[in-house]
Every structure is written in structure tokens, then in C-alpha cells.
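Engineer: Here is how the chains run, residue by residue.
There are 2 protein chains.
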Amino acid sequence: MTGRNIIWGTIFVLIFLPNSLLASESPGTALELPSILWGLIIILLVAKLGGHFMEKLHQPAVLGELLFGIIIGNLYLFGATFIEPLKDDRTIEVLAELGVIILLFEVGLETSVHEMKKVGMTSTLVALFGIIAPFFLGWGVSAIFMPEASIYVHIFIGATLTATSVGITARVLKDIGKLQVRESKIILGAAVIDDILGLIILAVVVGIIDTANMGGGGTNYIDILVILAKALGFIIAALLIGNWVIPRLFKVSAQIKGSGVLLTTALLVCFLLAVLAEKIGLAAIVGAFAAGLILDKLQYRSFTDRGEHSLEELVAPIGTFLTPIFFVKMGMMVDLRTFANVDILLFAAVMTAAAIVGKQACSLAVWDRQTNRWAVGLGMIPRGEVGLIFAGIGAKLAIGGTPVVSAGAYSAVVIMVIITTLVTPPALKYSLLRDRKKITEE
Amino acid sequence: MTGRNIIWGTIFVLIFLPNSLLASESPGTALELPSILWGLIIILLVAKLGGHFMEKLHQPAVLGELLFGIIIGNLYLFGATFIEPLKDDRTIEVLAELGVIILLFEVGLETSVHEMKKVGMTSTLVALFGIIAPFFLGWGVSAIFMPEASIYVHIFIGATLTATSVGITARVLKDIGKLQVRESKIILGAAVIDDILGLIILAVVVGIIDTANMGGGGTNYIDILVILAKALGFIIAALLIGNWVIPRLFKVSAQIKGSGVLLTTALLVCFLLAVLAEKIGLAAIVGAFAAGLILDKLQYRSFTDRGEHSLEELVAPIGTFLTPIFFVKMGMMVDLRTFANVDILLFAAVMTAAAIVGKQACSLAVWDRQTNRWAVGLGMIPRGEVGLIFAGIGAKLAIGGTPVVSAGAYSAVVIMVIITTLVTPPALKYSLLRDRKKITEE
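Protein sequences appear in the order of chains A and B. For the first sequence, the positions run 768 to 1209 when my numbering is used. For the second sequence, the positions run 768 to 1209 when my numbering is used.
Calculated directly from the structure, the hints in this document are not laboratory data. Check each hint, because a few of them may be wrong.
Identical copies look the same in the list; a pair holds intra-copy or inter-copy alike.
Here are the simulated lysine-lysine pairs, DSSO-like style, with alpha carbons at most 27 Å apart [to be verified]:
1) K945 with K1024
2) K1024 with K823
3) K823 with K1018
4) K854 with K1046
5) K823 with K945
6) K997 with K1163
Predicted model only: the values in this text are computed from it and were never measured.
Turn these sequences into a full structure, and let the hints guide you.
Structural biologist: Below is the structure:
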């Protein structure tokens, strides 16, 4: 298939082209309405064209949004700087974040708590395997490339490779209409557990380094217990809200006069769980996914019985508007100059390989022969914000005056995030659709 | 009806309670995602509760959103300042502005160019009558309250009362399901023409004052011609886009692979006309309304034939999410301390009376006996951003060192905007529904 060749060629070229992904933590600008409207016009246009181009090549639309985002985000290399204000704008950023929250909410709506429970054990194992393998592989890569560095540096680099970022995978599964397969549920469940484990690892690693620095006793156990208690509290709160609050909420809201009550109630639950997740240190999208999960058609039957659309149908147009903003912006934030240093590129290539190969350990956690275990391993590949947050914290931490994560290592992490993000859509689509072919052939 | 009594009572109390509406032009803050999510939770909750409360009282939901917005916006008077950051946040502001753009787009979608042409002559007359009467009444009020002031001050105050802000009226017509009646079309058409005339008046008045200040020759004719040319250009561009571009655009976009193409294409047309309108000095909502007007079901039949939802259905959920943000924020920006000065209150009360009575001249422009001419006059009452923009420009203009619009006069304009906004929903609903009763009785 020439389509796939072009994609792989493009990715290949991207890797060997000309140092920082994702917005720096500058205060950010705040554009006026006309500029925002122009920005939205450009972003939505680019999203649809990129999506169309990739679907023609039998790739998921999201890959096109990312690649076309990279193109417009790097036009400045050719002197066209009109896209630059959009990169730092806080409003565009919030719209993008709302976009990925709505995406995971939609994905949650299409999944039920019951179905997730069925894959619970497998998801837990997938999450554990998918954290242990990349951690030790990352440690090893760091030890080889920076033999003079402290052991804590290696531990930190290992930790940076652990957490899966589920946004891309969720979008691919949605693009190719595969949210209902068992593999998708395992991945989504594992991503939630992964996020909680990521928090714990960060606390442990930072605790170890602080202890090493201070030379004092390592009492980070309390931190870990607090994180565990918060994560457990969140899950219990979500389940309580699901079983006890939501049915009562819909009973009350069905009495509310006015239009759009069903959708607004659902959005309130989504935003509330997203903000709670964020407050306890989890990703907002984990909260949004949980919100979608606990909202069930049966609970709002009194609305649909009156002829209102289902929540899936009501949320979809909001996703159509906002979700592409997230992926195009993600592409826009890729600075191709990151790829300019050969030493860093080599380090990044090996780190990326460790990140990709490491997550294939996930497939070992899937014992069920009926399940496409490769798809699970591929779906767990993308690294995102969590990896960058780890690297950012490491860049601020220092041992004996040198930062734990050097500028070069940070760039390598950035490249690893870009490549794991771009590699997943075609690989996951190929794996899941090849699987279907096999099934129809049998 | 006790419901209406409560509303009128509330409005009465509001008038006689404790100096500035709508955000100052400070750079504005940019909140982080969790704060934005909390803000959206509060705003959406307040919107639905306010809407419910008002619908129970047989009032349009929008009045509840405004009043509950005023309540939370003034909680700071009781020491609760947690709402304050939301008032200046640029992201919330953009979301609100997108909300009213989507509202007018929806209203435009429910109306056709053909229907607007049928009321074109009447709308033009309504717009003209509705500008001339408030202008001279405002002049008179200013002359009575500020006899020592220059004639240019009176001209300026008169000009401030001219432009109708159609957002509130459009929302009330939508709330009560009356967008399809002839009165609604006359009001919407008049509001567009009104906006263009408002621009011209502003140019003329500022030109006259500049000339008076400089003592030079008054060559503002070119400015006026430029504005006329731009407005004409916009209308021609919109019609060209409607007749020529849109059918071709949909033909192309029907070939685009991916989901959400119909909605995205429509949003692109909406944002493009909104930004064009804004660029030439018109309100963005005029552009959004024009975009809705020129999009016609027949043009995108290839999408609906494949079983996709109509644009009305696709845009509605986005409106459900974003539109209440505009009206709650509008309420939040009302500072009840504005109402604390008795002299200003008296001036404001008479100015408001002039603003309301003045627009009733609109009903004289409706010659058709079948039409509820009072509803047209009532629908034209709300003043909004345009009046405040006029007052803001006047505050910066000076004649002989004193500002054309004094701080007191500015406060009075602010109060006039608040009251005309709050008075319209109940009055318009009463007028249009009483009318139906008359018709069913006939």
C-alpha cells in the first residue's frame, strides 16, 4: 500500500529533519475574538484537510490532524509567522484541553462500568507490565548513553518512559470504529490505572532523589500513601456518584424546565469529575472518561422517552468542534528544530525504541487467546503530557548542582513523545483491521 | 400572575439598589484549566437553575440566566469573591462571545434569505424610525439634565441610544419558539440594518466633534463613504458566498472523508463571516446571523441524504453548551454599586425611558395590520455593547478639556443598558403570546 509508505516515509523524514515541544510555561498571551476566530478557521480547515488526506491513505484521521498541525506549526521556518500567536494563546489551549476532555467523555459514554469490570484484572496486569518493562529499558538506555551520570538520573529517565497518554489511542479507536472491542476496553482500563501508577512513581522517584540530596532519612512513604488514598478516593467517589448521585440527579434534572437540560447535566458531571481528577493530581481526561463511564442510557430514560437525542448524539457535535483543536495544536507544538542535533537524535532514537518495545510487554499480560494482544501493546505506546511533566520536573531537580534531566535528555524525551504519538495511529489501525481480516477469513 | 409580579418586583428592587457594567478594557487574566472548569460548572449550573426558575414564572429562560448571573456577580458585596476571577478571564469571555455567535448562527439557520427579503422594506423603515426617535429623545434628556453642556454632548448621548443589540431579543424569540413569525423576521432584519446605521452615526458624530475641536473643515464624508462601501461590500460578499460559494463548498466538502464534515464546514462559514463583519466594524453576531441565513438545507442535501443530522440539530448542542455562558456572564458583569448614586439614577431612569419609548417609534414603521407592531417595538428595545462602545469613545473624546461623556453620564448609560436588557424578555414574551391568544380566539 503506497499510502502507508508515504506515512512511514513522512515519519522517517520528520525524524531526520531539524529543541522544544509543547508550550513553555510562559504566562501565555490572550488573543482578542477576531484572532481566535481566525485561529479556529485555520485549525478546523487544516484538521479536515489533514484528516481527509490520511483517510485517503487508509490512515486514521487523527494522524492527518497531527501531521498538518506539524506543517503549519513549522511554517515559521520559512518565514511565515502568522501561526505563532496561536501556539501560546491561553484560550486556544483551553479549547484544545476541553476538546480532549470531550473526546474521553465520548469514549466513556460508549463504554459501561460493567464492561470495564470484565477486563479489570487484565487491564491491571497490562498497566503493571507496561510500566515495569519501559522503566528498566529506559534505565538501561540512560546508563549506556550517560555512563558518567548518577544512578538517580537513570531511574528518572526510566520513570519518564512509564506513563501511557491515552488521548491518541482513544481517538484512533474512535476513528476506526473499534471502541466496542475487548482490546479497546483493556487499553482504556490500563490507561486509567497507568495514570494512577505514574503519580505514585513520580512521588517515589522525587522522594528518592530528595533523600539522596539531603542525605536524610527517606520518609516519602507518607506521600505515597496520600496519593494512593486520593486515587482510591477518586475511584470510590466516581462509583458513588455513578450508583447513587447520577440516578437522583437525572430524576431532579428531568423536572427542570428549559431546553438542553440533559446535555448540560452530563457536561456538569463531566467537568466535575475532570476537575476532581486534576485536583488530586490525575489527568483531567481520566476524570472525563470516568464521567462518561458512569453515565448510562438507563439513567436518563425519562429524557429519551420524551424524544430527546441520546447523550452520544448530543456530545458528538461539541467533539466535532473542539476535539480537532487538541490534535492540530499538539502537532503545531512540535518544533522541527528539535530534530537538528545528531547526538540527541541518536539518544532519542534509542530511547524511543525502548519506549515502544517496553510497552510491548503489555501483550504478555493478555492471556486470553481470543484477544489481539499486539493491538493492546501498540495501543499503550503513546507517551504525552505525563512524560513531559516528568522530564520538566527532572530538569528542575538537581543532584550535586547538575540537573537530573539535562537539556539534551529533555530534548530526547520530547522527540520520544512526538514519535510514539505519530507511530501509534497507523500501527494500531493496521493491527486491529488485519485482525478483522483474519477473523473473517476463518 | 404572581410570576410576573415577582420579576417586575425584582427588577424594581435592582433599580433601587447600590459604578460600572461590562469588563473594563484591562488586559484580562488567563485562568488555568481547572479554574475554567470550575467556572463552567458554576455558570452552567446557575444558567439552568435561573432558566428553570423563570420558566416556572412563565418568563423566558434567558431572563433567569441574566438575573442569576447578576446575583453571583454581586456576591462580592457580601464578601464572597470566588466569582471575581471569572469576570476578567479572557477565555471565559471568548467562550461567551462564541456562545452568542453560535446563537445568532442558529437563529440565522432557522431563517431564509427569501423570508428576509419579504420583510426587507419594513425592516429598513423599522431600523430608521428606531434610530431617529431615540436619538432626538436622548438629545432632549441630555439637554434637560446637563443644560450647561455643549450641544455636542447632547448629540453624543442621543447617538448612544440608537443601536439595538439583538442578542437578547433573538434568544427570547428562540426560547418561546417564535422565530418563524413575521415580527421576528422584521426585528432581525432591522437589527442588521441598525448595526450598519450605528457605525455610520458613530463616524458622523465623532467627525463633527473632531471638527468642532480642531476648528477645521469637516471632511468626514469620506469616512462615511468608506463605511457605507464596507457595509455594502459585506452584504454583497455574504450574498455571493451564499449563492455561489456555498453550493460549491458543499459539493467539495461532501467528497471529504472523515466525520463531522458538514458541521465543520458550517462552522467555518459562520466564523469566517463573523470575523469579516468584525473586521469592517460591524458586530461579529451580524456576520454569524448572515452565515446562518445563507446556509440552506437544499445545499447540503448530499449529507442529509446519507442520514446525517440537519445543521440545526448539529449546532444546537454547541449552543446548549456555550450560549448560556454569554448571558450569565452578561449578568455577572452588572455591578449593583452602579445603582448607588441618586442623581445618576434619576438621569439614568429618564434616559432609559427615552431609550424604551424611542424604540416604540419602530411600531409606526410597521404598516401591515396583521403584524403585531408592538412586539416589533419591544423587540428593538435592548441596548448592549454598541451603546457601551459609544459611551466609551465619548468618555475618551474631549471638548475644551472636558470629556464628552462624563463619568456620571457613562454610569447612566450602563444602567440604561442593564434595564433595557432585563425589561425586554418579559415584555416581548407577553406581547407575542398575548397575540397568539388573540389569534386563537378569533
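Engineer: Next, verify each hint and record whether it holds.
Structural biologist: Structure-based check of each hint:
no.: 1; hint: K945 with K1024; result: between (37 Å within a copy, 18 Å between copies)
no.: 2; hint: K1024 with K823; result: between (46 Å within a copy, 7 Å between copies)
no.: 3; hint: K823 with K1018; result: between (46 Å within a copy, 18 Å between copies)
no.: 4; hint: K854 with K1046; result: both (25 Å within a copy, 22 Å between copies)
no.: 5; hint: K823 with K945; result: within (19 Å within a copy, 45 Å between copies)
no.: 6; hint: K997 with K1163; result: within (25 Å within a copy, 54 Å between copies)
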